[in-house]
Structures are given as C-alpha cells and as structure tokens.
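**Q** Single-letter residue listing:
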Amino acid sequence: MPYNVDAVFQIAGIGIIVAMIHTILKQMGKEDWAHWVTLIGFIIVLFMVAMLIRDLFQTIKNVFLFHS
Amino acid sequence: MLKLVGSFITVLTSTWLGFHLAMQVRQRPKQIRQLLTAFSLLRSEIQYGNRPLFEICKLISVREIDKIADIFRFSYEELQKNEGDTTYHCFHKAIRQVWGQTSLKGTEKEIFLDLCSVLGRSDRLDQIQHIDRAKEQLQVVEEKARLEQEQYEKMFRTMGVLGGVLVVILLY
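Read top to bottom, the protein sequences are chains A and B. Per my numbering: the first sequence = residues 1 to 68. Per my numbering: the second sequence = residues 69 to 240.
Derived by calculation from the structure, the hints in this document are not laboratory data. Fair warning: this is a prediction, and the values are worked out from it, not measured in the lab. Among the hints, a few may not be true.
[As the list claims (entries may be wrong)] Derived list of chain B stretches under chain A, where covered just means 3 residues or more per stretch with a C-beta under 8 angstroms from a C-beta of chain A: (1) 209-222; (2) 226-233.
[Said to hold, decoys possible] So these bits of chain B aren't anywhere near chain A, every CB distance computed over 12 angstroms: (3) 70; (4) 97; (5) 185; (6) 196.
[Said to hold, decoys possible] A few chain A residues that face chain B, going by a derived Cβ cut-off under 8 angstroms, partial list only: (7) 17; (8) 24; (9) 29.
C-beta atoms are modelled at their ideal positions from N, C-alpha and C, and glycine is treated no differently.
Generate coordinates for the entire structure from the input sequences, incorporating the hints supplied.
**A** Listed below in structure tokens is the structure:
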C-alpha cells in the first residue's frame with residue numbers, strides 16, 4: 001500500500017497548519033473565524049479518513065471474495 | 069519535480085497576496101494623514117493667500133508625495149482645461165482616475181467629495197469651516213484605520229504564508 005505513510009503525514013501537516021491558523025486568528029481577536037477554519041480542517045481530514053476506510057473495506061471484501 | 073515547482077509557485081503567490089493585503093492595510097492611515105496635511109495646506113492657502121483654486125492645487129501637488137499629489141495634479145489639470153465643468157466635477161474626475169491606485173476606501177472619498185462640492189462656492193469663512201469639518205471627520209477615520217492596521221497587518225502576512233502551505237499540503 002503506497003499511500004499509507006503519505007496520508008498520515010498529510011493529515012499531520014493539515015493538523016499543524018490549521019492549529020497555527022487557529023492560534024493566529026484567535027490572537028487577532030477573530031475567534032469566530034478561527035472556529036470556522038478549525039471546523040473546515042476537521043471536515044477535510046474526516047473526508048480523507050473516510051476515503052481511506054472505504055479503501056480498507058474494499059480490500060477486505062476483495063480478500064474474502066465477497067463479490068456481489 | 070513538476071509537483072515541487074508547482075507547490076513552490078503556489079506558496080510564493082499566496083505569500084505575495086498576503087504581503088500585498090498587509091501593505092494595503094499599512095498604507096491607508098499613512099495616506100489619510102497625507103490627505104490631512106493637504107487639507108491643512110488648502111486651509112491656510114484659503115485663509116491667508118489670495119490665489120485661485122487651481123494654483124493651490126498645483127502647489128499642493130508639488131508639496132505632497134505620490135498618490136495624493138497625483139489627485140491634486142489631475143484636478144489642477146482638469147481645472148486648467150476650462151471646459152465648463154464645475155469644480156466638483158473636476159475633482160470628481162481626478163479622484164476617479166487616481167483613487168483605484170491608492171489604499172484609501174469609500175469613507176475618505178465621501179469626505180473628500182463632500183468638501184469638493186463646497187470649495188470655491190462660498191465665502192472664505194464658510195469654506196474654512198467646511199475644511200475643518202472634513203479634517204475632523206478624517207481624523208476619526210484615521211484613528212479607525214490605524215486600529216485596523218494594528219489588528220490586521222500581521223494577520224494578513226501570516227495567513228498568506230500559512231494558507232499557501234495548507235493548499236500545497238492538501239493538493240500534494
């Protein structure tokens with residue numbers, strides 16, 4: 001599985017950057033924006049994780065020959 | 069390799085955008101102050117001098133620097149043309165030409181145009197009163213712009229860099 005490590009690093013990077021943006025926006029007194037940015041980052045990461053899990057299930061299906 | 073070049077360009081662009089926005093925010097109070105000095109000059113010229121308005125405009129355009137000088141130089145040229153336009157029209161044309169290049173916003177424009185509609189139409193005392201009023205309003209706007217600068221200048225710069233990095237990570 002070639003994407004495995006890359007995906008983890010990508011998610012970590014998004015987490016770090018979003019955390020930094022959150023901190024800066026909060027410092028500048030834009031807490032509402034900060035929360036929106038965090039929420040959007042979370043949704044993006046959730047989407048990526050959902051894709052990976054879909055792949056995982058597909059693989060399991062293929063391994064155990066559950067072809068419909 | 070191509071990916072790396074692309075991501076580098078993305079980061080560079082968003083950084084530039086952030087710095088540009090920060091510069092706009094930084095320039096605004098400065099240019100409002102320049103406008104204020106120009107008004108002071110106009111006021112003293114009207115109060116103590118006996119020159120016609122287009123000469124005062126020329127004088128201000130020589131004394132001031134960059135964009136504010138441009139506004140007064142254009143209005144000097146418009147007033148010189150003598151095409152039958154009112155003073156207000158001449159200033160309006162000049163402002164329309166230059167305003168896009170400045171960092172100034174609509175509030176200052178309104179104050180300026182408000183003053184221009186009075187210039188050269190009534191007696192000395194009335195014009196001076198109007199200039200004083202415009203200056204007071206501009207001072208309030210300048211204070212606000214300075215607060216905005218303190219708040220947003222650094223934010224725009226950092227957000228430009230971070231936003232670029234985020235986009236690169238998302239698309240990589």
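**Q** Look at each hint and say if it fits the structure.
**A** Now the hints, each set against the structure:
no., hint, result
1, 209-222, "holds (count 3)"
2, 226-233, "holds (count 5)"
3, 70, "holds (17 angstroms)"
4, 97, "holds (17 angstroms)"
5, 185, "holds (38 angstroms)"
6, 196, "holds (40 angstroms)"
7, 17, "holds (5 angstroms)"
8, 24, "holds (5 angstroms)"
9, 29, "holds (7 angstroms)"
Violation of the numbered hints given earlier is absent; every hint is satisfied by the structure.
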